[in-house]
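K.L.:
Working from the sequences, and respecting the hints, build out all of it.
4 protein chains.
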Amino acid sequence: MAEIRRIGILTSGGDCAGLNAVIRAAAFRAIEGYGWEAIGIRQGTHGLLARPVEAEALDLAMFSGTLMRTGGTILGTTNKGDPFDYPLSDGSRADRSEEVIEGYRLLGLDALIGIGGDGSLAILRRLAQQGGLNLVGIPKTIDNDLAFTEVSIGYASAVEVATDALDHLQPTAASHSRVMVLEVMGRDAGHIALDAGIAGGADVILVPEIPYRIEAVAAKIEALKAQGRNFALVVVAEAVRTESGEPVTRRQGGGTVTYGGIGDYIASRIAEATGAETRITVLGHLQRGGMPSARDRLMASIFGVHAVDLIARGAFDRMVAWSDRRAIDVPLAEAVATSHRIDPQGPLAHTARGLGICLGEA
Amino acid sequence: MAEIRRIGILTSGGDCAGLNAVIRAAAFRAIEGYGWEAIGIRQGTHGLLARPVEAEALDLAMFSGTLMRTGGTILGTTNKGDPFDYPLSDGSRADRSEEVIEGYRLLGLDALIGIGGDGSLAILRRLAQQGGLNLVGIPKTIDNDLAFTEVSIGYASAVEVATDALDHLQPTAASHSRVMVLEVMGRDAGHIALDAGIAGGADVILVPEIPYRIEAVAAKIEALKAQGRNFALVVVAEAVRTESGEPVTRRQGGGTVTYGGIGDYIASRIAEATGAETRITVLGHLQRGGMPSARDRLMASIFGVHAVDLIARGAFDRMVAWSDRRAIDVPLAEAVATSHRIDPQGPLAHTARGLGICLGEA
Amino acid sequence: MAEIRRIGILTSGGDCAGLNAVIRAAAFRAIEGYGWEAIGIRQGTHGLLARPVEAEALDLAMFSGTLMRTGGTILGTTNKGDPFDYPLSDGSRADRSEEVIEGYRLLGLDALIGIGGDGSLAILRRLAQQGGLNLVGIPKTIDNDLAFTEVSIGYASAVEVATDALDHLQPTAASHSRVMVLEVMGRDAGHIALDAGIAGGADVILVPEIPYRIEAVAAKIEALKAQGRNFALVVVAEAVRTESGEPVTRRQGGGTVTYGGIGDYIASRIAEATGAETRITVLGHLQRGGMPSARDRLMASIFGVHAVDLIARGAFDRMVAWSDRRAIDVPLAEAVATSHRIDPQGPLAHTARGLGICLGEA
Amino acid sequence: MAEIRRIGILTSGGDCAGLNAVIRAAAFRAIEGYGWEAIGIRQGTHGLLARPVEAEALDLAMFSGTLMRTGGTILGTTNKGDPFDYPLSDGSRADRSEEVIEGYRLLGLDALIGIGGDGSLAILRRLAQQGGLNLVGIPKTIDNDLAFTEVSIGYASAVEVATDALDHLQPTAASHSRVMVLEVMGRDAGHIALDAGIAGGADVILVPEIPYRIEAVAAKIEALKAQGRNFALVVVAEAVRTESGEPVTRRQGGGTVTYGGIGDYIASRIAEATGAETRITVLGHLQRGGMPSARDRLMASIFGVHAVDLIARGAFDRMVAWSDRRAIDVPLAEAVATSHRIDPQGPLAHTARGLGICLGEA
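Just so you know, the protein sequences line up as chains A, B, C and D, in that order.
Residue numbers 1 to 362, in the numbering used here, belong to the letters of the first sequence in order.
Residue numbers 363 to 724, in the numbering used here, belong to the letters of the second sequence in order.
Residue numbers 725 to 1086, in the numbering used here, belong to the letters of the third sequence in order.
Residue numbers 1087 to 1448, in the numbering used here, belong to the letters of the fourth sequence in order.
It is worth saying that the hints were derived from the structure and are not from the lab.
All values derive from a computational prediction rather than experimental measurement.
Where a beta carbon is used, it is the ideal one built from N, C-alpha and C, also for glycine.
It is possible that some hints are incorrect.
[To be verified] To give a feel for the contact side, a few chain D residues facing chain C, derived at Cβ under 10 Å:
#, residue
1, 1256
2, 1257
3, 1365
4, 1367
5, 1373
[Stated by the list, open to error] Simulated DEER-style distance windows between Cβ atoms:
#, chain 1, residue 1, chain 2, residue 2, range
6, D, 1165, A, 105, 51 to 59 Å
7, A, 273, B, 707, 45 to 53 Å
8, A, 216, B, 700, 46 to 54 Å
9, A, 345, C, 1057, 29 to 37 Å
10, B, 449, A, 216, 28 to 36 Å
P.N.:
The structure is reproduced here in structure tokens:
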């Protein structure tokens, strides 16, 4: 087993709450626990692509009392620029993977901790396989779509933010007799929508895993009205499509469009079908950058320490995970090959139905 | 001075945090302090228009430990339907003011506490003048555009929510090297934008009271970049118009539009001018319904008690207010005739400039 | 299998955040899902002891938009008065278990949902065995000392509150160069102290499961000082004893004592050993009553629905639980016979040590 | 008027939320607005006493996105060691004021911004008078006991924290049928207790400005019970004394005492008089170090900019203040000579009585 003297740490993909707590834990464990150097790589794999390489030695003095309490990542991140299919300035694309691998060599790294979601970890693993990098992955994703771990960093905080948004919307919905539609993140999976919807007392929750009919949604809202309720809360995951299954083009930076997003589409359809006064809120980036919840900070600490321990043991090509109150680790190949989606017959969907929440089902 | 035995309380206009604390304080003071009945009128003046009148006696048991901590208004409210120009189902409009006044008589009210902003209080005053109603007003508006009072209910909480949103956006902006644009409420005045922008560390704040040039905004963002800053926070009040002074049509419920709102417009223009990656967040109704801040609950309590005291003294046609650490009251006619806008040379704008914040000025 | 028509719900033991969300979910599921009556029993088993029995039919209208967001329990609770050893007014004790069982009969209950910690659930189970009550248990405890379930209601919120307290104490500790000692709840187990201590960046965490030496604590604080750190954060679980293993008598309601509690004792010993300026904060009841976190509300909803489903299936004498992302259920007898304590070699203690946190070990 | 090239900034007295936002605003205005150097002095006047002087040039890079959001003071502070009566290591005291003045000269300062409460500002003014220092004061105190300014930094955040504590205690009080006593800060004035007590729905508020009788408190609690209320919330300012007017010795670091503090005393007396189950919470340092509220950050920004503007105008020996929505300034001599106490007949006490809150009056 090769001796470890210097490891790199990078964050990749969309940012979320808890990343700084992961970086702090991993750097502390590496420096104080094993006497290694810890190098922070800037902007995910971009830092390894840049020449000179963009990276700096992590110093424990950076981790003052407040950094672990702060959202985002001090290393920066990016969710653009797969090095195997890298966008060039002339509009074409190129495979720049060897440059990234070279960056790892230039930094003299003996191992790399990659903090990312399934997409980022898959790319990092491909780089590691190709270049012989000693990689350990730490799962982070507000979408919670990673299998083999009960916890991914960032998800708990995102659910708290989305639930808090429902806590804000409920009184104003009731005061004005409105249907409030909240659009939350979730590119492929509807976990934020389902968990926050249950926790925040939603009446309707639409997720990409469960097909919906607007008639069913409208019927629920009419039924609430018949029971004397003057308002309703509707949560929609951004990955939900139109009733016919087509995506609603999201507006980014203007341009002529039909709907402002799936939340807008659903609100419009509800208004047409029920005559109710509807309002839309798109929670967007508020879900990413807030102060991490205690739970995210705790799990970040566990994962950061465990990932460094794996490196010390030479256990590469693995992802740290949490299962049954224990820190475990699983093969990265398996972790990125399987995704965790809402089971339409699973415990969360069952709970929602049991509370009378409409999941849009016919 | 006519004896008081029964008073009505209504909330009118957009809801905000702190209304329940006002209702609680006024009802308690009336019932326990003076032995009167307190009648809660539903949905603002709509409750007085309906037949039978929609209202119910307020019972102190309703005001359990948590109601004052809850956003919104248990009485309901509306910001549609000026009784002097009431929209009928056939699309025409009618003066239904006499019906509202009759509603007051049908309830046997001796006085009325109206909780509203400048628009609502102006309508209530007109009704009071026409019908001889004994009216006392309590100022509430998240826009903070009322003169003669240093405090209106709802504003403090809205500023906390908007500042908290900037606290959430800053880390994600820094992590992704983005320009984050936050659109906040403020129909005529930019107070939320200016106060939250300063408190939340914004780099650019655009308000309707100060004309802006996109070139100035872009220059600020370029200057930050030149200093090594990789992100920027921009706050825009919803009342800001396009550079040429025209309103951006807000999308409500779909339909073909050019921009999703002023925030979208500003973000698009910044992206064009600087090439920066921009993202938009429209805070919307999250600003209204949250748990009221301690300050809003305190002021709500002061105003509720003082309004009832005014009724007991026969001091009608007045609005309670706060000035120099004292509860005062001012003529309603004056209160609704003057509005509080941002003074481009005032202390807040001066503070913003002193902190290097760009107000969009050429 | 006997037909179910009416079930009772009670909360027992110390209150915590999330109980109302459990009650709401169980009542909704019973009433709307199965068409049963749901009876809320007041003050735990006291409501069944009282004559007339203190209980009331739960009405879904009680569960307005805000109740599930509210801490505490609308049913009331108590952690005094084991019916098998009930304190009488003359100071003696009596077995009043038959009266409780009779109360169940008087209410015409077909089953009972008991929401409690290990002590309460053990008593309820003994009553059920003796009287043939159809009991299902739901785990709640801020101490997190129940085995067989990864989640007990109230714990997640308590950890968030304790972590938030550390977030408040860190800046003032650093500003004044102080050692801040935070005493948190945990009668037998130190989970809150350990989890919040890690999440909140504590330097020292003392828990009852791991013996400590003041010399080790003092050495850690001296080491921090030598590294240039001017402050330290110390978390102590209330169940920790003096170094010699004796309990520190807690003051309740005055009286001559030596120390105000274990936090006071530890702070005094640190001050003696290091000369550092120390301050104590006893978090106390602030850990119980706050707004439940999204996670507690979500788990409360899952448990409430699942408990009612168990009753419908005739699966009595069981406790609902959460394991590996699934709602399961386990025999009550086992659940109350085993307790979940901190494993001194487990993942949390390992993480703490890996982050340089002193656990007081010699 | 002497040219300004270098100013010092120090924080003195107990820390509070918002100090970093003041330092940031003042440093930015000095450096960017006027091109001066800004020197941060460590630990209040201690930094000027130390040799070498403990101070460092403030660099705008220190004021990243998160510093203004963070409680405490990066400069450190102290509330011990009046330089006119300085405690020496042999237990005697000495006048070391000339050394402090010399420290100002050694740093080459042209002016000094002192951020403090009435005690600190009085000492700083005496130093300024003696040594010819160009002093401008900025008011900060969680006690809110400064006259001539409607706002002092730190107070708004402290009231939010204390109100939040009542929000946490109310549900647990109601769940367990308890009287909860909350002891809040306030060395001479009871403003936190009174404002937070009103905002948080307290039933009894005891402040040092209004003499109390335990009989009156007990009668209030009995009256609530008679009305069917099973709990009560009591807020006590730490400056309140025993009924006979003597101070309750606060325990700091152990030692034999009779009561743990005034909260403990009041809780014990209530328990004796009413038989109610009482619990005490001492909020303590949690009130100082939290994230500053938007309001505190806004006012901090205004005060920091205005203080530097005063220096630029040569307007020394003055304190910045806030009055009627404007930033003003007042003579320091007057500011420190007058204190703002609760007026027993003023608007807040009147509001409290109007809401049925017992102020302990016979």
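K.L.:
So, for every hint listed, does it hold in this structure?
P.N.:
Hints versus structure:
no.	hint	in the structure
1	1256	holds (7 Å)
2	1257	holds (3 Å)
3	1365	holds (6 Å)
4	1367	holds (5 Å)
5	1373	holds (8 Å)
6	1165(D) to 105(A): 51 to 59 Å	holds (55 Å)
7	273(A) to 707(B): 45 to 53 Å	holds (51 Å)
8	216(A) to 700(B): 46 to 54 Å	holds (51 Å)
9	345(A) to 1057(C): 29 to 37 Å	holds (30 Å)
10	449(B) to 216(A): 28 to 36 Å	holds (31 Å)
The earlier numbered hints are all upheld by this structure, with none contradicted.
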